[in-house]
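Colleague: In order, the protein sequence lines correspond to chains A and B.
Okay, so the first sequence: first residue is 1 according to the UniProt record's numbering, each after it adds one.
Okay, so the second sequence: first residue is 1 according to the UniProt record's numbering, each after it adds one.
Mixed in with the good hints, there may be bad ones.
Any copy, or any two copies together, can satisfy a pair, since identical chains are not distinguished.
Unchecked claim - Below, a list of computed lysine to aspartate or glutamate pairs in the EDC-like style, where the Cα atoms sit at most 16 Å apart:
1. Lys65 with Asp91
2. Lys56 with Asp103
3. Lys136 with Asp210
4. Lys136 with Glu181
5. Lys107 with Glu133
6. Lys207 with Glu181
7. Lys43 with Asp106
8. Lys108 with Glu133
9. Lys97 with Glu79
10. Lys145 with Glu187
Just so you know, these hints were derived from the structure itself, not from any lab.
Next come the chains, spelled out residue by residue.
Number of protein chains: 2
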Amino acid sequence: MEEVVLLGFWTSPYVMRVKIALLEKGIEFQYREERDVFEDKNKSELLLESNPIYKKVPVLIHNGKPICESLIILEYIDEVWKQEQQLFSADPYYRAKARFWIDFFDKKTTTCGKKLWANKGEDQDAAKREFVECLKLLENELGEKPYFGGDHFALLDIALIPITCRFYTYEKLCKFSVEEECPKFMEWVRRCNMRESVSKTLPDPFKVFDFVLEVKKRFQIQ
Amino acid sequence: MEEVVLLGFWTSPYVMRVKIALLEKGIEFQYREERDVFEDKNKSELLLESNPIYKKVPVLIHNGKPICESLIILEYIDEVWKQEQQLFSADPYYRAKARFWIDFFDKKTTTCGKKLWANKGEDQDAAKREFVECLKLLENELGEKPYFGGDHFALLDIALIPITCRFYTYEKLCKFSVEEECPKFMEWVRRCNMRESVSKTLPDPFKVFDFVLEVKKRFQIQ
Chain A
1 MEEVVLLGFW
11 TSPYVMRVKI
21 ALLEKGIEFQ
31 YREERDVFED
41 KNKSELLLES
51 NPIYKKVPVL
61 IHNGKPICES
71 LIILEYIDEV
81 WKQEQQLFSA
91 DPYYRAKARF
101 WIDFFDKKTT
111 TCGKKLWANK
121 GEDQDAAKRE
131 FVECLKLLEN
141 ELGEKPYFGG
151 DHFALLDIAL
161 IPITCRFYTY
171 EKLCKFSVEE
181 ECPKFMEWVR
191 RCNMRESVSK
201 TLPDPFKVFD
211 FVLEVKKRFQ
221 IQ
Chain B
1 MEEVVLLGFW
11 TSPYVMRVKI
21 ALLEKGIEFQ
31 YREERDVFED
41 KNKSELLLES
51 NPIYKKVPVL
61 IHNGKPICES
71 LIILEYIDEV
81 WKQEQQLFSA
91 DPYYRAKARF
101 WIDFFDKKTT
111 TCGKKLWANK
121 GEDQDAAKRE
131 FVECLKLLEN
141 ELGEKPYFGG
151 DHFALLDIAL
161 IPITCRFYTY
171 EKLCKFSVEE
181 ECPKFMEWVR
191 RCNMRESVSK
201 TLPDPFKVFD
211 FVLEVKKRFQ
221 IQ
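Generate coordinates for the entire structure from the input sequences, incorporating the hints supplied.
Modeller: See the structure below:
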């Protein structure tokens with residue numbers, strides 16, 4: 001009997017990646033929500049023990065063994081549950097390309113993600129330009145395909161779609177429209193949202209917005 | 001006929017990873033040294049075309065197709081040349097662990113690597129503490145095994161060993177001894193250096209030191 005536990009937090013796009021992958025694969029799992037992900041003292045013992053280096057969600061605990069870092073977890077899931085629809089292309093070159101774009105996207109969102117909602121003025125404008133530029137590059141990579149994975153919703157789609165639940169927050173706080181900047185990217189977003197794995201996983205963008213406002217208040221970010 | 005070209009620069013540990021992997025696999029390749037990796041105007045057309053996003057080495061060009069980012073290249077090599085000794089463990093859990101430690105090491109060396117040779121005073125001391133702490137964690141992960149890969153020199157060994165050619169530079173500029181701090185880690189370094197793939201790839205630490213002094217001079221870093 002397989003025991004699969006996912007430690008998560010509802011606004012984390014990295015956790016959403018793992019949830020979507022598990023749902024796409026049809027893997028039964030137990031989800032445990034962390035109470036708070038900002039202060040170590042509020043984190044569960046299980047999280048602190050399972051990810052002593054970063055103390056961050058997501059952690060996938062498979063038969064007692066913890067696996068950390070979302071992309072590494074996606075690779076693990078695809079390697080262990082091979083009998084289901086594969087998330088990674090069978091072609092090493094396309095696998096490399098998907099890994100490259102996920103890495104690129106993660107680096108970009110790390111550098112400009114927080115600036116979009118926590119900064120003001122020039123810093124925020126620079127982050128907005130960087131973010132839109134990143135989306136345009138991805139839009140270009142998507143091209144005329146229905147999904148980044150081609151005809152199939154696959155790894156890169158799973159890795160990118162969760163952040164889109166923050167678009168409303170970014171647009172509201174930074175005064176821009178992703179739809180205007182990247183209409184084809186938004187077509188892809190709507191296409192993905194029609195999948196059960198995605199619609200069941202992504203939270204309401206309005207609730208995400210309220211949460212970000214709460215975080216700003218908690219940490220006294222104007 | 002396979003055409004394998006590696007675009008590199010002699011002091012880049014990321015390039016060394018790829019070289020070692022190719023040598024371990026016994027894959028014939030053509031190596032092209034970049035003249036300068038600091039200014040885009042001095043980079044080769046081939047590099048700028050093959051890695052338009054980052055414009056950085058290493059790039060592996062396999063039958064005309066470019067693959068960027070060292071870890072992604074290692075995964076690609078292992079997936080394409082399957083018939084040779086595998087770099088990745090066959091066990092998904094150990095693969096995940098190796099990926100985790102490489103990612104951790106890359107993040108740490110990105111945050112404290114340059115500070116070790118380009119900063120002074122408190123910033124340098126903080127970077128030194130962070131770097132030693134990182135090595136101690138890796139030493140702990142190594143445990144009593146001859147290699148990170150267990151009995152075999154494998155992925156994590158290949159990913160970590162190149163940075164050790166900078167240890168002399170770090171020790172000289174920051175006044176500390178890796179041997180004193182992490183003796184078991186240094187035993188592993190000597191073990192790896194006995195392999196032809198490693199000894200043929202890693203440059204002379206004294207030349208690396210001279211190069212770093214030149215770079216400091218060029219960019220007027222005191």
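Colleague: State for each hint whether it applies.
Modeller: Okay, the hints, checked on the actual structure:
When the C-alpha separation of Lys65 and Asp91 is checked against a cutoff of 16 Å, the pair qualifies only between copies, where the shortest distance is 13 Å, while the shortest distance within a copy is 29 Å. For a Cα distance limit of 16 Å, the shortest separation of Lys56 from Asp103 across copies, 15 Å, qualifies, whereas the shortest one inside one copy, 18 Å, does not. Proximity of Lys136 and Asp210 under a CA criterion of 16 Å is satisfied in neither setting, with 27 Å inside one chain copy and 42 Å between copies. In this homomeric assembly, Lys136 and Glu181 come within 16 Å of each other (Cα to Cα) only inside a single copy, at 8 Å, whereas the closest approach across copies is 47 Å.
In the homo-oligomer, the alpha carbons of Lys107 and Glu133 lie at most 16 Å apart inside one protomer (13 Å), although the nearest pairing across protomers, at 24 Å, exceeds that limit. For the identical chains of this complex, Lys207 and Glu181 are neighbours neither inside a copy (24 Å) nor across copies (49 Å), given an alpha-carbon limit of 16 Å. For the identical chains of this complex, Lys43 and Asp106 are neighbours neither inside a copy (24 Å) nor across copies (26 Å), given an alpha-carbon limit of 16 Å. With identical chains, the CA atoms of Lys108 and Glu133 are at most 16 Å apart within one copy only, with a shortest distance of 10 Å there and 27 Å across copies.
Taking the closest pair of Cα atoms, Lys97 and Glu79 come within 16 Å of each other only across two copies (14 Å); inside a single copy the shortest separation is 18 Å, beyond that limit. Only within a single protomer do Lys145 and Glu187 lie at most 16 Å apart by alpha-carbon distance; the minimum there is 11 Å, versus 51 Å between protomers.
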